[in-house]
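J.: Given next are the chains, with one letter for each unit.
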Amino acid sequence: MHLRDSITNSLKQKEILLMTHIVLGYPSFEDNRRVVEQMVANGVDLIEMQIPFSEPVADGPVIIKANQDSLTSGTKVKDCLDFAREMCAQHPIPFLFMTYYNIVFKYGLKRFLSKAEQIGIKGLIIPDLPPEEGQEYLSLAKEHSISAIQIFAPTSTEERMQTLSSHADGFIYCVARRGVTGSQTSFDKEFNNYIDRCKANTELPLAVGFGISDKNDVEELRGKAEIAVIGSATIRLVDSEGPEAVGPFIKGLR
Amino acid sequence: MKNTNGYYGEWGGAFIPEVLFETFKEFNAAFTEVKADPSFWQEYCDLMGTYSCRPTPLTHAENLSRIFGGAQIYIKREDLNHTGAHKANNVMGQGLLVKRMAKTRVIAETGAGQHGVATATMAAKFGFDCTIYMGEEDVMRQRPNVFWMEKLGAEVIPVTSGSKTLKDAINAAFRDWVTNMDNTHYVMGTVCGPHPFPEVVAWFQSIIGIEAKEQILKQFGKLPAKVYACVGGGSNAMGIFQGFLDSRHVELIGVEAGGKGIATGQHAARLAESGGSAGVAQGYKTMFLQDEDGQMKDTHSVAAGLDYVGVSPILTDLWQNGRVRFDSATDDEVMAALEKTMRKEGIIPALESSHAFVSAFKEAGQLQPDEAIIINMSGRGDKDIFTIANAFNDPSWKKFIIERGKEYASS
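Residue numbers (the numbering used here), protein chains in the order written: chain Y, -14 to 239; chain H, 47 to 457.
Among the hints, a few may not be true.
As the list claims (entries may be wrong) - Quick list of in silico lysine to aspartate or glutamate cross-link-like pairs, DMTMM-like style, CA-CA up to 25 Å: (1) 306/H to 292/H; (2) 174/Y to 440/H; (3) 50/Y to 222/H; (4) 95/Y to 71/Y; (5) 184/Y to 143/Y; (6) 71/H to -10/Y; (7) -1/Y to 22/Y; (8) 48/H to 121/Y; (9) 95/Y to 338/H; (10) 71/H to 175/Y; (11) 127/Y to -10/Y; (12) 81/H to 68/H; (13) 100/Y to 338/H; (14) 63/Y to 337/H.
Worth flagging that the hints you see were computed from the coordinates, not collected in a lab.
One chain only, chain H, in its complex shape (with noise of 0.2 Å):
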């Protein structure tokens, strides 16, 4: 993962606009400063050890290796961290990093509301302000997650232009920062946007590498077959793929969204399949889903996390290396492979992460026993109920919220 000048081989750059430039040389200086300072990653550790449940564990899938009949498979359950997902990993990180710069208000971008909800628990533990910048579109799909970011203090704010999604929330996230950067810090979700973002965003996922490496030597003796995890802008991926990049022999496997199918134009496949190519937005180089005339497109995924029309610049490096394969699923795939880990494993990830439980689904049987695998697991599916409830097409559930929306009418 070398890092040029805010560039990962041609992928990356810091395309900002000008009054933000000294606001991007300070938070640059504050990060190099702690990345070279092993206080603050022992700072780190500790706060997510007594905050996080960290480490999480690794979990081995016994039901589900036997039924695939290959390789065995193991979960790292980045569903058990505080607020169900692996962003908190970043936020409180982040958090620390806000304090160092003596900053008192954050403001986020979030898609399927996890980063939201993250970061706003970061604020309320911390005592700053917090604005969350949301897709109209997504604040109707992830309802719960608004729910409690506005509960635990932070200022919800349904962005409706563009795709309503979350590509226009990371937008307007922007607009805010460059009004507010005095006492403001954007706390970047993803291990996208403009040089250090995406560098300061893996450094803190990384934790999750650290330990699937170490957890799966000592669980199983020796180092998986092949890495497997969704991507979306690739947080979580980056985290767990950080673990074992220099093991060249373990297979790194990202899974994007494949929506309707690809063929239908409905999903967020910039790598897998061909679907993005090269342009500059959002302050950064990458692989994005856009037309001819470099006009990002809409993308879909029944996981509003994944539903994002660039990647993160290093993933797009490894991918053009041929470190990190892609390949998509599609949203009745997921469903499926929901279906089955929780029926047979008693698990529930968040779609998002269901993604990569379908590409190792698809391959575990192409292995041996005396072989292992790990599937990323984002984070839980709680958040999904409603969604998830919705293509189950499940008739207790419909009436309950039918006799629930009585109710509230009525009162």
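Just chain Y, with the same shape it has in the complex (with noise of 0.2 Å):
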């Protein structure tokens, strides 16, 4: 099923889907094995999965380590398509790759994403390729049926918001502030203004991230968009707590 069509399915029973994120071979493949199977289990509804790059660009401390940790633990992309493609067969929900351009430049534009395909994958979020640079890689993903999420941000303009809108398919990811990944957001009037300004520039659901890591932010969401995107947080309590925390997690975010 296309993805947009499981997040308009979903939306019908729930008013708001979390979607998780974790960084592949951290701590290790079995624990992300783990992690994602109590994330299903309590009620996660899409699970972005990070094929890690030793330059994440856009990503925060918590991210940045867990991306060197797993390649210093030698971690390979092979190793990522085979956990993802066992992943996508075991549980019924939409599984997105995250990476950055040159994982998937490396590997071949075509070959990954027929790969991706084949696997199962249903949408890929690469933060390094704005629409102008990724003709080539856009109309692949279409050809494989694979959503190239977009990405909206606070400094976008309408009329930036209205061409990546054009490009756009799945859903808008929505970095809800400035910086890097695993920093408070604070939910103020210019937070809702630039939902707002979101919202009007897109007929596509709203995931929005950066930041979001307890109930009250999921709650502050409801109504504002359709996905809460977890980033972070989750792999700070495995961090802390081991990945048997993470589903006593998922069950309180609402």
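Join these two chains into a complex; the hints should help.
T.: Written as structure tokens, this is what we have:
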């Protein structure tokens, strides 16, 4: 099923969906497996799996460290693809890849997208690939029925949002604030104005990420966005309390 | 040097996170405006003339020329710039741009520390707040530069992620910028990064080549046969090469860090020995030292400023088109060339610049005495005193450091 249709279906049962983020190979693929199981069992609706990159320029300290540790322990792109195939086959929710462009470029755009489709991946988030640089990527993604997720930022003008929206598919990832992943976001008037602007410039569901870390944050987004994205928070939790803590945490988010 | 939408041939581009899109638009517009305004270039030249000892001299290295018995060796003395390197050209230019854009804070990354010192100097002069990101490894290697940056009023942040060198400092600076772009300009230190940085830095550094061409014609009566420059990111090389790009018979040679030898894997030769492959990182497409998955490799050079995983997209294009030849020099060769230059000419090149000297010395003898070559001496070697003293295993220096250490420990 196409990503947008899955989201639409899920929204018939829930007011707000949860999307979580894991870094593949961190702390290990075995831990990733347990974490994903608990996420799915406790009502996560979508999972973005980050293929680690040595230069994760848009990420904050928690995810940078996870990327580095994963690579240091020997994670290869092939391992990530194998793991993703297993997850897509086992769990009935949409999985997305998040990674930086060089991983896809080096693997070969056509080869990567065709592989992702085969595996069952529904969408791709590449934060360092603006549509101007990604024409071939965008058309190949369409060809392979993979949603090339576009990103809105608080600095995006109306005109820019329109441009991004014209290339968008699946949902729009709205970066909640300036900066990198993992810091607190404040839900003030400025934030609400931004979300209103996002809504006005796309027909697609909105996923809000960056700094969403607890039940209160998810509550704040209820009625404003369709998807709340939990990123660094679960990685921190696995670091401090182990994979078993993820289930109760997810359960407590709504 | 043809730039089509930020691309030089197939290299370059602007692979930036969405949050920086408008910032780059504003930056590009400001740069396009000043580039078309001759009064801006004049203001820049006046500033460099009164603040940074420009034009820097072109020194005829008579002793070295005699020793190698071939071409007349000329040295373009970027070491005599304020702060001791060509870096001043770029930062003062970007400082004038920052003023036009009405921003109040600058950030920069630095490897050897020269760009950091130059940026801190510029910030002090123009009254900007200043934060410098530097790999923890480089902080250790280049402590004197850290000292100066801090004394000039900059905050120096050691970067502990990744290989703790230049590429990680660049990532950290980008992370700062995506948070603070409203009041902050990122003063990229070399001809790399997303468009328009390569063009901006190349433009300000072109002052080296413009001067060198005039000087060699005046002093030697004709253009040189070859021009040598070391290449980390490539800003001093692009600077001097631009004076000679259109003169097809002048051979241009970029010298990369051969480190402990290409075969050891501990080097930073991306173009010279086909060590690099095409990739996209840090906002632009070029040849990177990376593995088969696209993960950046650790690099090594005795010269912190050459220890970089990517290279200017402009130079990659010039390399691909055969306009610039690339060579590499090992750490050992660099120390030998440095020693020779000090002893025979009384000139102390930076470890970075000494790479260019290595290739020039190897090839000078193949030319005739009525031919000239130019070596771009990108900076002076004072900053490298700890590394150089260590490499020479100088006993009296060691004794001095131990004594001074004892004094500090007991105070």
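J.: Tell me the numbers of any earlier hints that the structure contravenes, in ascending order.
T.: 1, 2, 6
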